[in-house]
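Asker: Taken in order, these protein sequences are the chains called A and B. Okay, so the first sequence: first residue is 37 according to our numbering, each after it adds one. Okay, so the second sequence: first residue is 1313 according to our numbering, each after it adds one.
To be clear, the hints were calculated from the coordinates, so they are not data collected in a lab. You may find that some hints are simply not true.
[Claimed, not checked] Which residues of chain B face chain A? A few of them, derived with a C-beta cut under 8 Å, are:
(1) 1329
(2) 1334
(3) 1335
(4) 1342
(5) 1357
(6) 1392
(7) 1393
(8) 1404
(9) 1414
(10) 1463
(11) 1489
(12) 1496
(13) 1499
Predicted, not measured: the structure shown is a model, and the values here were computed from it. Just so you know, even glycine gets a beta-carbon here, dropped at the ideal spot from N, CA and C.
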Amino acid sequence: MSKTLYDKIWDEHLVHEQDDGTSLLYVDRHLVHEVTSPQAFEGLRNSKRQVRQPNLTLAVADHNVPTSDRSKGIADVESKLQVETLEKNCKEFGIKLFGMNDKRQGIVHIIGPEQGFTQPGSIIVCGDSHTATHGAFGSLAFGIGTSEVEHVLATQTLVQKKSKNFRIKVDGELSIGVTSKDVILQIIGKIGTAGGTGYVIEYAGSLISSLSVEQRMTICNMTIEGGARAGLIEPDQKIFDYLKDRPMSPKKDNWNKALDYWSKLKSDNGAKFDKEITLEGKDIMPMVTWGTSPQDVISIDEKIPNPESETDEDRKNSIERSLKYMGLKPGTAIKDVKIDKVFIGSCTNGRIEDLRDAAKIIRNKKVAQHVYAMVVPGSGLVKQQAEQEGLDKVFKESGFDWREPGCSMCLAMNSDKLKPEERCASTSNRNFEGRQGRGGRTHLVSPGMAAAAAISGSLDDVRKYQN
Amino acid sequence: MQKFKTIKSIPAYLSIVNIDTDMIIPKQFLKTIKRTGLGKNLFYEMRYNEKGNAIEDFILNTKPFNESKILIAGKNFGCGSSREHAPWALLDFGITCVISSSYADIFYNNCFKNGILPIILPDTKIKELSDYSKRKEEITVNLEEQKITYGNNETTFEIDQFKKKCLLEGLDDIALSLEKNPKITEFEKKLVTNKPWILND
């Protein structure tokens, strides 16, 4: 019988299946961070259990770390305790950890691929919903809760029920200034935040194959915003080239064996998908969110929608609630919306190509006077690479703040946050109420769009700044 | 985990769709290293003003809903972040049953790990129950019989039978999986031969 890539990865990891379909799956790679793990380690201690496979586990502190000068440590007492607790737990249970001052430290979903820890065909989990990112490598990667983190630590397996298959095909080419961030925002706008619930999404089509590895990560990353836990893409030569010689990639003979296996990872012709949609590259414009859900998205040329034209009562109420929170009026051109801050970073858009995209727009230009703009590289290695290319200078000369790596203002757990009613053009993944700080107003955009907004001082069209 | 027993409570209705886990428990409370004590911060930004004073007309701040054990909410409840702090906060507040027409996957699973029953009902039934909640009368949720009783009415709900069993018996997931230890060991042995790079590099 023809199988999808998801079906194949599932079958390959099946340790046990009950009659009702409840299955025990083997986990190949487990990423751990400081926020969702302390209670899991505490659970292990309380029940006198060990970590079954410490070598398949990699830990890093990212959510709570300061992105300013780190020589003084962490000022916030609770954040400090959480990061220290992770260090203590990793030591006690023999887990490899990239500490706060290690140059390999960074956002968990950026360092996994960077180190070659992320590999095609594997099952990768982490107590973080954006684990979907790793699906760009043709792995089945998804976020889990803390109880499940404990379960994986203790057993190296996870109890799951199988999801349905959903294929999203994107064909054609992207116009200049349009990026994979715009593709995924458009997809979420189309299917809605619950459109993928109960499914694993496979992204396919000529446009997806033409994307770089990092651009694919941006798409898979935001799969969770469409409700699907995992999104994946068939691995190809670009993926194999990316992984070759990474510190944790397979070596020597194992590399050849792995490559042989990875090359066969694809959905069969005629494999059955329970749901399927197709998009054309030429129809995708630079996108921007106007509301408090990632599905509240329009192209930069459009106007803010009017709740009065909605027939669905729930939808009408939620548009009204969003507009009130966002301080916006229906019918306003989104391009006319003035901003206060710009945030470039996060596991969605904090990689080197994202920084290059933004730097290209901002080069020899200035950040608008009333705007505070910051770049937070996704990892120490991204930061180092950017500095080697002189991107830090480009950003600093134009008035951007150049910071240390971490999750930062994507979720504002550290001191990087919006004040009430401050408006931000952000390359992150969630525009929820309060996400970037209580009362803060988030507009999700691509790195180039964020740079354009920084220059104009209001949401703007990146295509205006293309040379 | 506590065994799930039949609940009798006045349900609270929160008429918002797409309630995300950032709303349920904002990030400043994720810095804890414990599972308990989050109840006072449940729905923090809707429940308290910027000075930290209770917003009086928020449903969970008004009597008798401040003691509700059952929460009825709009569709796609629990979307967004995977934080298990969301069910921990609900549980610590005293809510052990949520009723909605749909849930985000991760939140849904997290509920079962903490003895919370997330019930799925069609929109029409949600409407009926939310209207009924205005009477401020107790309703009964019986998991064993998969039945909700409100006044002279009742409705049934569907649930995965294994998840039901785990809730009713308060079973420890990890202990159950560790019973499969020989199978896991056997799987790992095959892994060494078939995919040596997984365990070796």
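Asker: Each hint needs a verdict: does it hold in this structure or not?
Answerer: Hint check:
{"no.": "1", "hint": "1329", "result": "5 Å, holds"}
{"no.": "2", "hint": "1334", "result": "5 Å, holds"}
{"no.": "3", "hint": "1335", "result": "6 Å, holds"}
{"no.": "4", "hint": "1342", "result": "5 Å, holds"}
{"no.": "5", "hint": "1357", "result": "5 Å, holds"}
{"no.": "6", "hint": "1392", "result": "6 Å, holds"}
{"no.": "7", "hint": "1393", "result": "5 Å, holds"}
{"no.": "8", "hint": "1404", "result": "13 Å, violated"}
{"no.": "9", "hint": "1414", "result": "6 Å, holds"}
{"no.": "10", "hint": "1463", "result": "25 Å, violated"}
{"no.": "11", "hint": "1489", "result": "5 Å, holds"}
{"no.": "12", "hint": "1496", "result": "6 Å, holds"}
{"no.": "13", "hint": "1499", "result": "5 Å, holds"}
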